[in-house]
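One-letter residues, chain by chain:
4 protein chains.
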Amino acid sequence: MTRPQPYKWFFETTTAFEGHMHAIARTLVETQTKFQHVEILQTAAYGKTLVLDGRIQSSQGDEFIYHEALVHPGMLATDGAPRSALVIGGGEGATLREILRYPSVTRAVMVDIDGEVVELCKTHLPEMHRGAFDDPRTEVRHEDARAYLEKSTERFDFITVDLVEPLEEGPACMLFTREFYTLVRDRLTPGGAMSMQAGMTKLGELSFFTSIHRTLRDVFPLVAGYQSFVSCFGTPWGFIVASKKIDPNRQDARAVDALIADRIKGSLEYWDGATHQHAFGLPKFIRKAIATQTRVVTDANPLIVT
Amino acid sequence: MTRPQPYKWFFETTTAFEGHMHAIARTLVETQTKFQHVEILQTAAYGKTLVLDGRIQSSQGDEFIYHEALVHPGMLATDGAPRSALVIGGGEGATLREILRYPSVTRAVMVDIDGEVVELCKTHLPEMHRGAFDDPRTEVRHEDARAYLEKSTERFDFITVDLVEPLEEGPACMLFTREFYTLVRDRLTPGGAMSMQAGMTKLGELSFFTSIHRTLRDVFPLVAGYQSFVSCFGTPWGFIVASKKIDPNRQDARAVDALIADRIKGSLEYWDGATHQHAFGLPKFIRKAIATQTRVVTDANPLIVT
Amino acid sequence: MTRPQPYKWFFETTTAFEGHMHAIARTLVETQTKFQHVEILQTAAYGKTLVLDGRIQSSQGDEFIYHEALVHPGMLATDGAPRSALVIGGGEGATLREILRYPSVTRAVMVDIDGEVVELCKTHLPEMHRGAFDDPRTEVRHEDARAYLEKSTERFDFITVDLVEPLEEGPACMLFTREFYTLVRDRLTPGGAMSMQAGMTKLGELSFFTSIHRTLRDVFPLVAGYQSFVSCFGTPWGFIVASKKIDPNRQDARAVDALIADRIKGSLEYWDGATHQHAFGLPKFIRKAIATQTRVVTDANPLIVT
Amino acid sequence: MTRPQPYKWFFETTTAFEGHMHAIARTLVETQTKFQHVEILQTAAYGKTLVLDGRIQSSQGDEFIYHEALVHPGMLATDGAPRSALVIGGGEGATLREILRYPSVTRAVMVDIDGEVVELCKTHLPEMHRGAFDDPRTEVRHEDARAYLEKSTERFDFITVDLVEPLEEGPACMLFTREFYTLVRDRLTPGGAMSMQAGMTKLGELSFFTSIHRTLRDVFPLVAGYQSFVSCFGTPWGFIVASKKIDPNRQDARAVDALIADRIKGSLEYWDGATHQHAFGLPKFIRKAIATQTRVVTDANPLIVT
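These protein sequence lines map, in sequence, to chains H, Z, X and C. According to the numbering used here, the stretch in the first sequence is residues 937 to 1242, in order. According to the numbering used here, the stretch in the second sequence is residues 937 to 1242, in order. According to the numbering used here, the stretch in the third sequence is residues 937 to 1242, in order. According to the numbering used here, the stretch in the fourth sequence is residues 937 to 1242, in order.
Read the hints as simulated data drawn from the structure, not as lab findings. Heads up, some of the hints might be wrong.
Since the list gives no way to pick out one identical chain from another, each pair is judged satisfied if it fits inside one copy or across any two copies.
Stated by the list, open to error - Simulated pairs of lysine to aspartate or glutamate, DMTMM-like, Cα-Cα distance not exceeding 20 Å:
no.	residue 1	residue 2
1	K1220	D1198
2	K1087	E1115
3	K1201	E1115
4	K1087	E1101
5	K1220	D1193
6	K970	D989
7	K1087	E1063
Excised from the complex, chain H in its bound form (with noise of 0.2 Å):
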């Protein structure tokens, strides 16, 4: 038989005028849930891909990339070994699966207010969450984080919220301000840290990013820029550490590197020192326009990807 060519392809654009395209091999879940549209498509390039009203969140193929640079800066950012971790959002599970590499960690809360999603994650992305649901230090609530943060007095070493951007005017724009940000740092212990993904951070696509980050250091002591190519994107992505002690700008390749031998169980694929000095070391025009955004995104003024 000869192979046809691909007939389904998935557009992802950023603009009006520019976008990423895969072939789609085959649509393996579509469903609508409460809260979001959901798809699992299988592309021919990168696999299982999890779609989220018709934007990619993480592929089979280059997920490690994603969760490990959302995760490992953070919880090597702690002023000691990491015990306890919240995760925000952060449906398939690989959060999680990062966060319970660190023996140290003996509980980690993930809270994602769509179970819909969670669910189907469990069932049809093994490859990604790898049993993080099943480990015994895991708890899993389905809630409103912020209402979870609000009523709760718990704190954590490590704190990550692994949010799909606010595409419209809703509750999801109420865990990217001023306000949220400053719930998070009150509910890390006094050596925590916690990160984010931050948007694109591609040229001329940089507004959601630097506005984040010009947020952020309202709110915290030390807050740390960093990026890394997601090869299902199609762009290099935003990443930020925000955190009360340990400035991840300071650590050197050398010592992050001390760091994950010390801390990490196992070892990683993308995360080391000479990473850590790649994702970190910002060129120039990203700073650039770090320094100049005026923005300070609050519950009264918030932010809407469009």
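For chain H, the structure is supplied; the task is to place chains Z, X and C on it using the hints.
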């Protein structure tokens, strides 16, 4: 008047299953030279964009990233301020432009086999060359670069190879082999350095980059791969510096900043010490791919990108 | 909420250089049967759309055109009101549905080799079959149609061949040959007629249609090609009636309207006398292509659509 | 050399959810005139293709269908062989070419407001005009057609309106109204006929065609809609003849063939008696849409295609 949907699109595929797409606002130039198919497209997102044989070479919007990344790491890796430079390929004149920023340079030769492309760029891309072709230090030649190097005995402090990848078996193949790099090395002064563009560095598409890296290690004492995300390509792009005395991997951010201040007139938009750290800090999986690549590219066994 | 751009597209190419594209609103079913890849897509423009091996078969929005065009010209070309009918293929059940509109019909057999497709259509495409599978006159069999005809001696007043084109060498090829059409002819009653879908009739893509037309002329005394534009295909589609006694080309609009009034219960949406005139009035260049085609398709020299 | 994948595509969408796509082999001309954006693209499937404001007008490969369909039904619906003709629009010169096939014609005026488009077609599309502009019977004027008709008192046996659809509110709107058609009628001789292109006739996209049909019925005693599938449009296209004495719907195939033999020099590729039958035999759902359309387009309430 309502703004219409873009109706012409340029698709740059990396495999049959993935690609990057650009809305074409207008075709400014389209012609066939003796050597290749040439287009200068006005893309909606990046302005004027040079396309050779269907592959994007550079765009007005982000060419500063590509050209600064190609030139400066090598020009900063010469033993002493470079006085002479040779560009192999480099049709737009922007590579030349970056070289001419160094007041120490008294002679800059560009050998591009396709005089028609150079003429088109002179006429239509003044934003890129910015007068570089008219600089009295410049000499432009249209001939086969390998033949030129073979017959000449002149030595340069810096040589940069700014060529399209060999998309088919042909003369370009002979500019990506151990024999050719040996010739380049022999035309460098004792403290000289070469740089080159070396293909994509995205996950799963690393074989060109790593094979060239491996091949150069047979020829040069010091070989340092690095990468920069080029927005209009939709992928990070690999470059390599191969030098005789100075190792870019041993230049820290401060040293790079000092060299830039010392050697370059005016300020750069992309490259500086932190960018150097970013670019040379190759992520773990790329270093692993380099370490395990065994292929040496030779005249007898050339590399063809498919 | 702002309406997002469609991000998943289905491309149906006729050549490597031209195609028709549909935004996919949702994938309702996607699976692989023993025989073919099956999708039921919700297209934004046409509603539920059945796709087999990457080729659109029919859509909710315009299937009345395809199925009325396939069935009625043949059912109106039998000598006397048809009493029995055989559908070869016809998975959706809509071909059957059109046949069952004739109160004269007491027996309607459908032989579709792929029982899984039929089950999926029963469940997911009630808009198409509208209960045809439950009609007491209906008998559905899942076996090879040629083997079925070879072993049976039953004769039908009408036989229709509603098959996908043979995209590769395989059993389907054997249902588009002179030998197979001879078998069909022998299973028709003396006044019987057959009809079939016979590929595109757009300019430059006529070879399938004309070869089948030429082949049928070796077998049947009367052969009449016709066409209908099927919107979701983006091309006019060819059909052929081959009959023993009645020539559709000699039925004028008034006669067709009278036959419809006489034989069919309820009213049709697409077919009537004027539509008959439209469909059988093949444009000059199509008639010329038919007249000059010499190829006869045989078991030994089958036809494969590439 | 391996043949590369086509990398530039032209998308012609009918809605936001459906479209037809063409690989672009080469852009031959692209410019902006005083009135519109003009491209002559070499499409891989159809050769040279004229595109105005992003909409395909005609292609080398199938323009015979469009231009024969536009001209001959009207030229065969004049009372007696036509002696004079007026083309409104018709930039390529192919409409003129078809008119000049009639030896009875002694005067053919073409009024196209955009002289730059006409010049480009003269130079780049000789395959279309085939010398029609140099025929001594031809007079070409570049001015507003409505103003021309208002100030002139000349009468023509045949007038054809070969205009782009009104894509925005502007002067073109005023060429698709009851007032304008009244003017056209008054400039026809007592046995004269007009024809026009009248938009798509695909299912669900019939409102332009049916509104114009309805409007013409307010002005002319005889109005006959018809359609032809134009391959490069990917959709059947509607035309209308409005005449004073002869009704095309009452011309049977034999009569049309006799008229062609009588009036036209040489032979046609698309149009003859059977094609007439095909084109005027509108399918049932189109006739129903015509019958139920109530909108009359007027200067005060013009039609804009969106």
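Which of the numbered hints above does this structure break?
3, 4, 7
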